[in-house]
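Novice: Work the whole structure out from these sequences, hints included.
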Amino acid sequence: MADAAPDVDFTLRRAIGPDGEVVGPLPDVASDREAVTALYRAMVLTRSFDEKAIALQRTGRLGTYASSLGQEAVSVGVAAAMAAEDVLLPSFREHGAQLQRGATPVELFQFWGGDERGNDFKGPRGDFPVCIPVSSQLPHAAGVALAMRLDGGGRAAVAVCGDGGASKGDFYEAINLAGVWELPLVTVICNNRWAISTPLARQTAAGTLAHKALAAGIDARRVDGNDVLAVRAVAAECLERARADSRPALIEAVTYRLGDHTTVDDATRYRDEAEVKEHWPQEPIARLRAYLVAQDWWAKEDETRLLKESAEEIAAASETYLALDPEPPTAMFDHLYETLPPALAAQRAALAGGTGGDG
Amino acid sequence: MAELTLVEAVQCALARAMAEDERVVLLGEDVADDGGVFRATDGLLARFGRERVRDAPLSEVVIAGASVGLAAAGFRPVAEIQFMGFMLSTLDQMVNHASRLRNRTRGRLTCPMVLRAPYGGGVHAPEHHSESMEALFAHTPGLRVAIPSSPSKAYGLLLAAIRDPDPVVFLEPKRLYRAYREPVEDDGAALPLDRCFVLREGGDVTLVSWGAMLKETLAAAEALAADGIEAAVIDVATLKPLDMTEIARSVAQTGRCVIVQEAPLTAGFGAEIAARLADENLFDLLAPIKRVAGWDTVMPLPRLEAHYMPDPARIVAAAREAMRHR
Ligand SMILES: Cc1ncc(C[n+]2csc(CCOP(=O)(O)OP(=O)(O)O)c2C)c(N)n1
Ligand SMILES: [Mg+2]
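So the protein sequences, as listed, match chains A and B.
Taking my numbering, the leading residue of the first sequence gets 7, the next gets one more, and so forth.
Taking my numbering, the leading residue of the second sequence gets 1163, the next gets one more, and so forth.
Worth double-checking, as some hints may not be accurate.
[Stated by the list, open to error] Derived Cβ-Cβ restraints for the label pairs, each shown as a range:
hint: 1; chain 1: A; residue 1: ALA211; chain 2: B; residue 2: GLU1363; range: 55 to 61 Å
hint: 2; chain 1: A; residue 1: ALA211; chain 2: B; residue 2: PRO1327; range: 54 to 60 Å
hint: 3; chain 1: B; residue 1: GLY1390; chain 2: A; residue 2: HIS341; range: 39 to 45 Å
[Said to hold, decoys possible] Stretch-level coverage of chain A by chain B, calculated; a stretch enters the list once three of its residues show a Cβ under 8 Å from a Cβ in chain B:
hint: 4; segment: 116 to 127
hint: 5; segment: 205 to 214
hint: 6; segment: 249 to 261
I should point out that these hints are in silico values taken from the structure, not numbers from a laboratory.
Here a beta-carbon is modelled for each residue, glycine too, at the ideal position from N, C-alpha and C.
Specialist: Right, here's the structure in full:
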């Protein structure tokens, strides 16, 4: 299997269009009401989380935050295709995937609120924390995938980076390794067309970002990143091959960043509002809702109830987050090494003394 | 004379350098339309055009490495790295190439480039956005490392860095970017890149620091003065090459030295200053040299950041400790 030529397909895979209409081959899940509504719920929850995070940041109770507004289908679709024992190595904008994998909203608020404990997920113990230095988690993902291969296979690593992230050496180096060592690694480029103020056209001259797979000799797919059914299907296809045959793949999911880069960015400085407006009708949540409604699976009451439940779940998580006891300052010493080297004991004691005890 | 913030002074120096030398080229992530994430290059695209103010693809390696090539081929690149945490991937280019090109070719090819980045904590930034890693570059032969502590220093030192015939790592204290304004004359006058600056004279104890920590150091000197202890304050400004003249002169008067750095204590730049004093000025000293530094920990996320950052109280305590020795 591994000897088979790379399977590259640069056509944009689509299942449903902006109005929920069928525009391409429907994956099996599309006829599973439970599964489709679960995807819908996960996207709505992600958006509720985003809204609350921004509100908390605006009122000084969260740090700088990167919203995933408009990109929920990439996050949720990819994570929905993953098995619990797969491993996610996210960028900093994959809140939907992290939630779907079982990290809690409280944990995510904690990390973005500047508290390392938020990375100690109670759920997905093997998943990596948010990665801030762009694409530097991609080589880790190759290493995780190698571990999976050495451990007997049957699992896959999933790394997500942005369109900007695909310009880094780390990106090429990781997919190259995955190709030559035949690693069960699925690399997802969440192409939201912008890297802060740099549009895709100034990021690369490549025909598509998926073309970058050619140089690594690995499978490639392109998918409409606002179509959660298509994203889930493409990710599932690549993950199955990764798990079964240790075949790496690159997926370019084409979406759009509807929000500012982060809460400290002002996109109006460099991006035409008209362009943003143009992309709103493509956004993933209204699209899947239209599909649900067209199947007669979703009534107004369902929508009202879901919005209320999501908002309540996130509000409760926010309350819990805000009520958490602060970590003692000495925590900065207590997780540096397995055991604190004696040489650091004096510094730790000085910190404890200077701050009125180490709690 | 215009009243400028530190970041405006950086921008003013960049504009001046670009106007006076058309071979000065800016490159970096988001430096063109966005004017840089801290606005240090704001307005320069409009003034100098897209050929000379270039948004780079997202790769610090290529930003630093292309600067080496540009510089060797006769240009004067000024490259911006968005945060010091993202400079680490440039080490290969800076340490293995920028710093050595002149030496390797016995002067045939040179590397007059500037690599700028904001450094340091205290602004509640995300992970990897608050580190102070100046010692990494100061350890590298062939590089110069400059860190301004005020708007006027930023203007004068950056002009010097751009005109310098060798590679300069220019680290900007982001905590001070918009902290205050001061008069800065846009007269094109550079400051020397091989001298420390005396910010305050005093006969009892010498406080030595650089960059953002001078804020806390000057505050500590005020507090000490209120208690009748006269502290001299020295701004190192250029860490590499380090000129010890002013520090040694002051320590000869005071006999006491407290070195203040935001970076972790161990193998930080303060250790170099302490070693040089021990080497060359031991018999001027009345008291052990004290260092006030960040802890030897990973720079914490914002919740614990304030417990990491050296504060005036720790500096005052160290100075008092030194004062116990007569
Ligand atoms: C190595 C590195 N350089 C610079 C930055 C600063 N930065 C944060 S996000 C970003 C743009 C990322 O763009 P993209 O990869 O498209 O992801 P997106 O933000 O669109 O999700 C930059 C330059 C960083 N975090 N890491
Ligand atoms: Mg992007």
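Novice: Does each hint fit the structure? Answer for all of them.
Specialist: Evaluation of the provided hints:
A beta carbon spacing of about 58 Å between ALA211(A) and GLU1363(B) agrees with the range 55 to 61 Å that was offered as a hint. Range check, ALA211(A) to PRO1327(B): Cβ separation about 34 Å, and the 54 to 60 Å hint is violated. As the Cβ distance of GLY1390(B) to HIS341(A) is approximately 43 Å, the hint placing it in 39 to 45 Å holds. Three residues within the 8 Å Cβ limit are the bar, and the segment 116 to 127 of chain A against chain B gives 5, so the coverage statement holds.
Proximity of the segment 205 to 214 of chain A to chain B, defined as three or more residues with a beta carbon under 8 Å from a beta carbon of that chain, is established by the 3 residues found. Remark: the segment 249 to 261 of chain A is not confirmed as covered by chain B, as 0 of its residues place a Cβ nearer than 8 Å to a Cβ of that chain, below the required three.
The earlier numbered hints that this structure contradicts are 2, 6.
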